[in-house]
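> Single-letter residue listing:
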Amino acid sequence: MVGSNLRFNNFMVAAVIIFGIGFTMLFLNRNLVKKIIGFNFMDSGIFLFLASNGYIEDRISPIIQGGEVSVSNYINPIPAGLVLTGIVVSVSVTAVLLALTVRLYLRYHTLELDEIIAKARTEDEK
Amino acid sequence: MTLVQNFPFAAIMMCLAGGVTCVVLRPRAARAFAVLLNAVIAGMMTAVLLFTIRTGESYVYLMGHFPAPWGNEIRIGPLEALMALMFSLVTTVILAGGMQNICEDVEPDKTKLYSAVICLMTASLLALTFTNDLFTAYVFVEINTLTSCALVMLRYRSGMALSASIRYLIMSLLGSGLFLIGVVILYNITGHLLMEPIGAAVRNLAATGEYAFPLTITLGLFAVGLALKSALWPFSSWLPDAHASATTASSGILSGLVLKGYIILLIKIIYRMIGPEVVAAEGVLNVLFGLGTGAIIAGSLYALREKDSKRMLAYSSIAQIGYIFAGIGLGTETGMICACIQILAHAVTKPMLFCAAGNMASEAGGHRFDQLRGMGRRRPLLGIAFAAGALSMIGIPLFAGFATKYFLCKAAIGAAGWKGIVALAAVVVSTVLNALYYLPAIQILFDREPDTKTGQAAGRGSVLAAAAIAVFLVLQFGLGFFFSRIAEIIRTGLNTLA
Numbered sequence: 003m004v005g006s007n008l009r010f011n012n013f014m015v016a017a018v019i020i021f022g023i024g025f026t027m028l029f030l031n032r033n034l035v036k037k038i039i040g041f042n043f044m045d046s047g048i049f050l051f052l053a054s055n056g057y058i059e060d061r062i063s064p065i066i067q068g069g070e071v072s073v074s075n076y077i078n079p080i081p082a083g084l085v086l087t088g089i090v091v092s093v094s095v096t097a098v099l100l101a102l103t104v105r106l107y108l109r110y111h112t113l114e115l116d117e118i119i120a121k122a123r124t125e126d127e128k
Numbered sequence: 237m238t239l240v241q242n243f244p245f246a247a248i249m250m251c252l253a254g255g256v257t258c259v260v261l262r263p264r265a266a267r268a269f270a271v272l273l274n275a276v277i278a279g280m281m282t283a284v285l286l287f288t289i290r291t292g293e294s295y296v297y298l299m300g301h302f303p304a305p306w307g308n309e310i311r312i313g314p315l316e317a318l319m320a321l322m323f324s325l326v327t328t329v330i331l332a333g334g335m336q337n338i339c340e341d342v343e344p345d346k347t348k349l350y351s352a353v354i355c356l357m358t359a360s361l362l363a364l365t366f367t368n369d370l371f372t373a374y375v376f377v378e379i380n381t382l383t384s385c386a387l388v389m390l391r392y393r394s395g396m397a398l399s400a401s402i403r404y405l406i407m408s409l410l411g412s413g414l415f416l417i418g419v420v421i422l423y424n425i426t427g428h429l430l431m432e433p434i435g436a437a438v439r440n441l442a443a444t445g446e447y448a449f450p451l452t453i454t455l456g457l458f459a460v461g462l463a464l465k466s467a468l469w470p471f472s473s474w475l476p477d478a479h480a481s482a483t484t485a486s487s488g489i490l491s492g493l494v495l496k497g498y499i500i501l502l503i504k505i506i507y508r509m510i511g512p513e514v515v516a517a518e519g520v521l522n523v524l525f526g527l528g529t530g531a532i533i534a535g536s537l538y539a540l541r542e543k544d545s546k547r548m549l550a551y552s553s554i555a556q557i558g559y560i561f562a563g564i565g566l567g568t569e570t571g572m573i574c575a576c577i578q579i580l581a582h583a584v585t586k587p588m589l590f591c592a593a594g595n596m597a598s599e600a601g602g603h604r605f606d607q608l609r610g611m612g613r614r615r616p617l618l619g620i621a622f623a624a625g626a627l628s629m630i631g632i633p634l635f636a637g638f639a640t641k642y643f644l645c646k647a648a649i650g651a652a653g654w655k656g657i658v659a660l661a662a663v664v665v666s667t668v669l670n671a672l673y674y675l676p677a678i679q680i681l682f683d684r685e686p687d688t689k690t691g692q693a694a695g696r697g698s699v700l701a702a703a704a705i706a707v708f709l710v711l712q713f714g715l716g717f718f719f720s721r722i723a724e725i726i727r728t729g730l731n732t733l734a
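So the sequence lines, in the order shown, correspond to chains A and B. Note that our numbering has the first sequence beginning at 3, numbered continuously upward. Note that our numbering has the second sequence beginning at 237, numbered continuously upward.
FYI, nobody ran anything at the bench for these hints, they're computed from the structure. Be aware that a few hints might be false.
Simulated crosslink set (BS3-like; lysine-lysine; CA at most 30 Å straight-line) [what the hints assert, rightly or not]:
| no. | chain 1 | residue 1 | chain 2 | residue 2 |
| --- | --- | --- | --- | --- |
| 1 | A | K36 | A | K121 |
| 2 | A | K121 | B | K646 |
| 3 | A | K121 | B | K346 |
None of these values were measured; they are calculated from a predicted model.
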């Protein structure tokens, strides 16, 4: 049945809720800085989802210690690698967004996207 | 392994390295370098295409020779090679054709950054076409997003371009967020990131009925995420401003190529990972079909009331993207061939229209139609190119656009139930609407001028533009005459995809 495993997957439930909050903020908020915060929320939600996928109860990170090489002692390292890649992407996108926001603020002295678009339109028609 | 088989991987690496090289070159050298690099890659892709057509099947290229669970792969078949050839060739030609506008619109010392961004853009498009790994696809989707926003925002001192590019970036990020969580859920239920093992696992799941709900969700996330990024109506509100405020070459690349990269990825997901029969059972295709036919009509209606040439072309792109999704949404093989033909037809037509309109606009001093009046008489080649592009978009036989309409009608007649009738109706209505806004545009361009303006001396840029237009016209008629031959290549390509 759909939803019967929710209490075992509490990390994933939290991750999807965070993703939803971030997505809504990025989509609907009119303030550019809040949009950028929303974007980071959204990506953090995805990373939590991934990281909780790879974690296995009572196991350690896949670094060989004391000659122990049995696979059954370690968690799955692939999601951690994906999270790292995702963080790199997320950081560079955030940098571009912030740089654009600075340029727009210097030009229009506001962070509200609606006002920026309206001002840009009137400027364009001149 | 022959030498040719290394070309796709080499091309991606050459573009990435070329992007870095452009930054340290002088602006003039960087501009020439970007054009030449894309031309060389177009040559390499021709060799790959001929190779794959001769063997008639696809091959997997292992990077670093690590086998499946550890290594990363790219996969090359006739369809991928054809699309990659189209991407690099059209980039070369539109860069040459828009060179004069790039020099006018981009700050002089930033043109080398423009060339760098173009190289990275080609790299991401090629990688999206060739990759066999879902997470690599995500990374290159993001590179594509960033470079395409950079192409819009590099316009010199234009607030409109800045605000349009941040809207574009935000909408794209919403799309890639949905795509990424789709990838993660799919990894969660299948345990793989390479497309072949995922495909096997998904067929297994579909047969046993396990994880049916997450599978539907994943497919929906992929479809909506990639539809957002490829501007399927009603997710297309960002497109007109972004495409109209960018410089000529950017507009051509953005509407002709960038939108298609995501669609090719979606086709690969449908064929290689989920399997067409599973997708057809899910009902996601019906949604895509509905939105696609909606886009065909809505895009044309918006374009009808536009007074600005570049914005009209941008709205027309929304309608043309609708054709691709309608073809995919029909769910038959002919429908998919129609989508692929439309990807090619739109990619050779829309950049030509933007190239002609942009070059006329820079001479006339603005791209509103009242400013462009009579430009077709003053610059006959540009006028003829615009007219040819417009006739192609309307769907006159012997032009590339006719091939799309032919295959969409053929697919609609073969399709079962309501979809076929709706598709036929959409084709008829949209042809009339296209004629309603393109024919007056041609008429304005070839109208008698109200006053005699002093014409600018034709510089080197206009020679390049003329050469670019000539190549576009050859491509246009090549596709219009030989579309059944190309459809055969696409059919073999689709068969080797699965």
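> With reference to the structure, classify each hint as holding or not holding.
Now for the hints, and whether the structure bears them out:
Taking the CA atoms of K36(A) and K121(A), the gap is near 20 Å; set against the 30 Å cutoff, the hint holds. A hinted pair counts as satisfied when its Cα atoms are at most 30 Å apart, and K121(A) with K646(B) does not qualify at roughly 48 Å. A C-alpha spacing of about 26 Å is found between K121(A) and K346(B), which places the hinted pair at or below 30 Å, so the restraint holds.
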